[in-house]
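K.L.:
This is what each chain is made of:
Number of protein chains: 2
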Amino acid sequence: MYGLIGKMRAARGKRDAVMDVLRETTGALPGCLSYVIAIDPVDADAIWVTEVWTDQASHKASLQLPEVQAAIAKARPFIAGFEFQVETQPVGGFGLPRAEAG
Amino acid sequence: MYGLIGKMRAARGKRDAVMDVLRETTGALPGCLSYVIAIDPVDADAIWVTEVWTDQASHKASLQLPEVQAAIAKARPFIAGFEFQVETQPVGGFGLPRAEAG
Numbered sequence: 001m002y003g004l005i006g007k008m009r010a011a012r013g014k015r016d017a018v019m020d021v022l023r024e025t026t027g028a029l030p031g032c033l034s035y036v037i038a039i040d041p042v043d044a045d046a047i048w049v050t051e052v053w054t055d056q057a058s059h060k061a062s063l064q065l066p067e068v069q070a071a072i073a074k075a076r077p078f079i080a081g082f083e084f085q086v087e088t089q090p091v092g093g094f095g096l097p098r099a100e101a102g
Numbered sequence: 001m002y003g004l005i006g007k008m009r010a011a012r013g014k015r016d017a018v019m020d021v022l023r024e025t026t027g028a029l030p031g032c033l034s035y036v037i038a039i040d041p042v043d044a045d046a047i048w049v050t051e052v053w054t055d056q057a058s059h060k061a062s063l064q065l066p067e068v069q070a071a072i073a074k075a076r077p078f079i080a081g082f083e084f085q086v087e088t089q090p091v092g093g094f095g096l097p098r099a100e101a102g
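Residue numbers (UniProt numbering), protein chains in the order written: chain B, 1 to 102; chain L, 1 to 102.
Note that these hints are calculated values from the structure, not bench results.
Check each hint, because a few of them may be wrong.
Which copy? The list can't say, so a pair holds if one copy fits it or any two copies do.
Below are the EDC-like pairs computed for lysine to aspartate or glutamate, each with C-alpha atoms no more than 20 Å apart in a straight line [what the hints assert, rightly or not]:
id, residue 1, residue 2
1, Lys-60, Asp-45
2, Lys-74, Asp-43
3, Lys-60, Asp-40
4, Lys-7, Glu-87
5, Lys-60, Asp-43
Being a predicted model, the structure only gives us computed values, none of them experimental.
Next comes chain B alone, as it looks inside the complex (with noise of 0.2 Å):
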């Protein structure tokens, strides 16, 4: 499996405008098997994303959707940055898919 975990910063005031498009976007695109978004209860204008892909080419594939196209294009004027993004390459746990978590 593939992971991320990331922090973006909302231009002032656009967090929120930033998780609708985030959460219009996430459906089931093909190889995601979580994509969590959360805010952060201590710094008003971030937000983490959390991600587990079958492999790192359904993500990379993803970015080029025409759904996601649309979603990067909408929510970039919203977005001022982005602070922290690891790769991770998850290995089970609860909560994937059975087949894939191992």
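With the hints as your guide, set chain L onto chain B.
P.N.:
The following block gives chain L in isolation, referenced to the frame of chain B:
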């Protein structure tokens, strides 16, 4: 919902021992919606854990469960430290149990 994103560091060469304990323990704990355990492809002793709980009280209560207490005791000798931990407030996304994903 209540979320945690954390990075722990295993003692040198003990990452897999910690992973084994985490995998054995993370069954269906009350209030746990997602618990993903990941290795770091560029940091051999690091383990990333991303958690989603129905609420903070459920997470806190889980730490008192006998099986979790036993796992903590079992893993502790293999853990060098915790390098990063952030609390989040997950609000939606994909892959969480439907009733909670909002």
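K.L.:
Run every hint past the structure and note whether it holds.
P.N.:
Each hint tested on the structure:
no., hint, in the structure
1, Lys-60 - Asp-45, "neither (26 Å within a copy, 27 Å between copies)"
2, Lys-74 - Asp-43, "neither (23 Å within a copy, 35 Å between copies)"
3, Lys-60 - Asp-40, "between (26 Å within a copy, 19 Å between copies)"
4, Lys-7 - Glu-87, "both (12 Å within a copy, 12 Å between copies)"
5, Lys-60 - Asp-43, "neither (29 Å within a copy, 22 Å between copies)"
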